[in-house]
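Participant: Spelled out from the first residue to the last, the chains are:
2 protein chains.
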Amino acid sequence: MDRYKITSGSKFQLSDIDPDDTSLFDGGKKEGRKVLDEELNPRLEELQDLLYAEGKRRVLIVLQGMDTSGKDGVIRGVFNAVDPLGIRVASFKVPTAEELAHDYLWRIHKQVPGNGEIVIFNRSHYEDVLVVRVHKIVPKAVWSRRYDQINEFEKTLTDTGTKVVKFFLHISKDEQKARLEERRDTPEKRWKFSLGDLEERKLWDDYQVAYQDVIRKTSTDWAPWHVIPANAKWYRNWVIANVLVETLESLDMKYPPAPKGAETAVIE
Amino acid sequence: MDRYKITSGSKFQLSDIDPDDTSLFDGGKKEGRKVLDEELNPRLEELQDLLYAEGKRRVLIVLQGMDTSGKDGVIRGVFNAVDPLGIRVASFKVPTAEELAHDYLWRIHKQVPGNGEIVIFNRSHYEDVLVVRVHKIVPKAVWSRRYDQINEFEKTLTDTGTKVVKFFLHISKDEQKARLEERRDTPEKRWKFSLGDLEERKLWDDYQVAYQDVIRKTSTDWAPWHVIPANAKWYRNWVIANVLVETLESLDMKYPPAPKGAETAVIE
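Residue numbers (the numbering used here), protein chains in the order written: chain A, 1 to 268; chain B, 1001 to 1268.
Keeping only pairs whose Cα atoms sit at most 27 Å apart, straight-line, the calculated DSSO-like set for lysine-lysine is: (1) A:Lys93 to B:Lys1260; (2) B:Lys1202 to A:Lys260; (3) A:Lys93 to A:Lys136; (4) B:Lys1260 to A:Lys192.
Here are some, though not all, of the chain A residues that point toward chain B, as calculated from beta-carbon distances under 7 Å: (5) Phe79; (6) Asp83; (7) Pro84; (8) Ile87; (9) Arg184; (10) Ala265.
None of these hints come from the bench; they were simulated from the model.
C-beta: ideal position from N, C-alpha, C; glycine also.
Looking at chain A on its own, in the form it has when it is part of the complex (with noise of 0.2 Å):
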């Protein structure tokens, strides 16, 4: 899974990688759904409850996306068999009152893992150089500082026992326009349509612009970024579980040892 994964961004740029491309997987869709129904997300789950058990390591998962790049879609398609005990979803939205009266790490901060825990943040810190650099809302002088804050934040993380994993679901500009046209069109999904979305749609190529500089700056040999192509649901899923599985795998993780007598205690 190397293909996406962005270790030194310095020259990255986005149209390295095709949101299209599902090459790393032989076979197709239904193939794919069948691994990961099938392999992958019981293999996560046997990892997450041996991450619990160990209770020493803890996983911050960071999901950052355009609009309908489907990080929802993930939180649903790769964790929903893992016990719910062991995981938690952290959704960062428009800050509130008290959330802006603190740096913009405080309320982040809060929500990484604890011990044995899995943490998947469904948008992020990076919401700070994504859309406030976008719309403006603080000046340049401020945005382009916090990429050495957060690289810094996230050495910090890792170094006092946190695995911090991060996902950039790449989708391309055609494809959220059937999203959002499948949205509009299906009475179903039609609550979820946001007039405002449009609005963002229009802003596209900046936010182009603000992931590429995201990627280059903020990946790091403790916590590089992964480009998942998305354009296909499964595949992207597929991709994830993979290195979700990978990244566990290397955690070398042990079941504790039993207590001290436990082996001879008489139950009355």
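Following the hints, complete the assembly by docking chain B onto the known chain A.
Facilitator: Below, chain B without anything else, positioned relative to chain A:
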């Protein structure tokens, strides 16, 4: 499922309900699991999606029971088909110094569900009239006033839009013995074995009295207890899933209307 719902508890006896009971299901373990997997869990997933979409109601599920009674098993068995986006587990362990520096409902109130959310309490404020009572951590004059406080707290939650659903997982003392022995004798489970659990087991009768009082004094019209026969794990999950499906269906939820102009919006 009204058999197990205690609405007016003043004369309730734990012995009224047999932990071995499986009488409401016409069939055995295999058929029960099939109904759960193929009908109840998918229906819960739909109802959770509707709750999330509507974004108005909140659901708080309280799980209580003796050690090994299956609180974790319910979370895994009943909820693991549900989208992690709309569900959250709050586990209440030994209070921290900061929590102890506040009233006992402080840490509880922080974790109640928001709009469109289902929150599962894995243990709860009821520990403050259970373990706290059995171990004499505070005097009777203090804990005995908590039943009314808890009823009022849950009344306020209910009146302000939260559905409170409480389950006591009712196992027998023999069943606990069998489960502790299995934990002791299965190498992959032995790490969960705690010698402290054996000390707690010695207080079985005190806990049963304390639970009976909880059910007598806090089974209210707005937040009744459900006393679930829990010796058979499949039946426990089947009953709880049924109660939740009935509860969520009774909320008569609807998908929100599409925003004005959505249907005819032009996507460029």
